[in-house]
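Asker: These protein sequence lines are chains G and V, in that order.
Numbered by the numbering used here, the letters in the first sequence go through residues 1 to 253 in order.
Numbered by the numbering used here, the letters in the second sequence go through residues 1 to 290 in order.
Source of the hints: derived by calculation from the structure; they are not laboratory data.
Some hints here could point you the wrong way.
Said to hold, decoys possible - Derived DEER-like restraints, expressed as beta-carbon distance ranges:
1) V:D118 x G:I45: 26 to 36 angstroms
2) G:A7 x V:H229: 58 to 68 angstroms
3) G:L241 x V:N264: 25 to 35 angstroms
Stated by the list, open to error - Here are the computed lysine to any residue pairs in the SDA-like style, where the Cα-Cα straight-line distance is at most 25 angstroms:
4) V:K121 x G:A182
5) V:K121 x G:A159
6) V:K121 x G:R160
7) V:K110 x G:L31
Virtual Cβ for every residue (Gly too), placed ideally from N, Cα, C.
The chain contents come next:
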Amino acid sequence: MKLLKGALLPVVLLILWEVGMRTHNVQSDSLAAPSQIVVAFWNAILDGTIARRTGETLRAALIGLALGSGCGLILSIVIGLVPPVARLMQFSIEVLRPVPAVALIPIAILTLGFGYGMEISLVAFATFWPVLIYGHAAITNIDAQLIDLSRVLRLSTTARITKIILPATLPRFFVAFRLAMAVSLIVAVTVEIAANPLGIGNELMTAAQSLHPDLMFAMVLWIGLIGWALNAGLLFAQRRLFGPAGGALTVQP
Amino acid sequence: MGVRHMGRGSTIFADPGKLPDRETLMNQVSPLPRTRTRSPLIAFQGVNHAFGSRPVLQDINLTIGQSEFVCLVGPSGCGKTTLLRMVGGLLAPQSGEVTFGGAPVRGPAKEISFMFQDYSKALLPWRTAAGNVSLALEAVGMPVRERGPRILELLTKVGLGAHADHYPAQLSGGMQQRVQIARCLAQEPSVLLMDEPFGALDAMTRQALQDEILRLIAVSRTTVIFVTHDLEEAIYLGDRVVALYPNPGRVAQVFDVDLPSPRNQLTTREHPEFLRLRRALFDFIREGET
Chain G
1 MKLLKGALLP VVLLILWEVG MRTHNVQSDS LAAPSQIVVA FWNAILDGTI ARRTGETLRA
61 ALIGLALGSG CGLILSIVIG LVPPVARLMQ FSIEVLRPVP AVALIPIAIL TLGFGYGMEI
121 SLVAFATFWP VLIYGHAAIT NIDAQLIDLS RVLRLSTTAR ITKIILPATL PRFFVAFRLA
181 MAVSLIVAVT VEIAANPLGI GNELMTAAQS LHPDLMFAMV LWIGLIGWAL NAGLLFAQRR
241 LFGPAGGALT VQP
Chain V
1 MGVRHMGRGS TIFADPGKLP DRETLMNQVS PLPRTRTRSP LIAFQGVNHA FGSRPVLQDI
61 NLTIGQSEFV CLVGPSGCGK TTLLRMVGGL LAPQSGEVTF GGAPVRGPAK EISFMFQDYS
121 KALLPWRTAA GNVSLALEAV GMPVRERGPR ILELLTKVGL GAHADHYPAQ LSGGMQQRVQ
181 IARCLAQEPS VLLMDEPFGA LDAMTRQALQ DEILRLIAVS RTTVIFVTHD LEEAIYLGDR
241 VVALYPNPGR VAQVFDVDLP SPRNQLTTRE HPEFLRLRRA LFDFIREGET
């Protein structure tokens, strides 16, 4: 019932859109009727465009995400546990963090050329920061008593990290990872739209420039679906992972 | 604080009107100090400490004997917890020395176990009761297959044998503190440091756990340093009660508790010596506050 109510507005709008396009017999280079979009989408699935382009985008986004969030995780633990390193890095982090990843596209093209390397590097750069900042906050927010406990029990550094710090911060790291994943898709598609001849973003640009609004809209729709599916998957994993044992630990962003 | 203790204490008597006045109590001096033949295990020698510019401890000199149960009492800001953390090796004094078995404390020692005040933060919420006890065994490198029986034995000892698979969130406050006791015992400590462990529990649970602790350490002959706000709890549990003055923390007076063991929640708390000490300690703390 709730779903039905939620679907009401978009469905009505789609019908109006379709009816409007048909009654006025619009022939446009920038607009397409929903039915035309569905047909273009279906054809793109059939000829393998969707699968190939999605594979390219996801490959760049996920490898970049793994590199960026992995480095962010490690560095946040290091600066969380070794205050001198935190003081040493603080200025550099504050200066580099606000730089938008897309502003680095020209530099990345100059140094790495077109292709996966450039796109992966930019995604890694963009996803590194949320994980580092959120992760660092999570580690500095660990209850002092848990750190005391690890000292009283004389846990080794490795045991302290694996048995206390990582489990205590995992829910927050997971939230950071969800944010980073959204960022990874945004940056990957942006890089493809702006420059890189790869992936869904490039297909979207090609469709727009070759005056195929139906395919263009189909690609926009598809990007939205991918983003939604990835987030839903991670949300599901988050509930499964932190549901029973750490009800109080589940942190929402 | 004082009002609460007077109120609670007076309910022990059937007729509060028959309470002996202060003079009578103070004159009923029992043959104290009791001679102590215990060898000193822990010693504070001229300990001073400050947090920033605020002095928290000033010239602390105190020795604690083998198998002794010492309670530290005093108002907030008297440095009770700081003293405990120094013995536990979590904090080094800025001047003076804390020794354990004759050697200066340099850091946490295997023989010294620490029981924290806030049970909700001292247990790992992602581990079951058994898993939390296991942490202490993992820390000393006990092989996996030996842990299971040992964990069950420890949990049974604190009355939680049937709750091994429960997560802390599924246990009551008293039960969570029992898990913490089991984890401390897993270390097989010769010294147990307890930082207001029962402060957040209701009166009935607190009394049950007081007796539990006395029963457990009577067997193991463990030395205990117990920090509390509750004067009656200090007298009930302790062989000695160390009263501290606040701002900066100083040892004000040491009271020897000469009460028969084992303690009993009814008869011990009605014992004339208990009442005398309660009155003396209470007046003393109140004087310190003014």
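Asker: Determine which of the earlier numbered hints do not hold for this structure and return their numbers in increasing order.
Answerer: When the structure is compared with the hints, numbers 1, 3, 4, 7 turn out to be violated.
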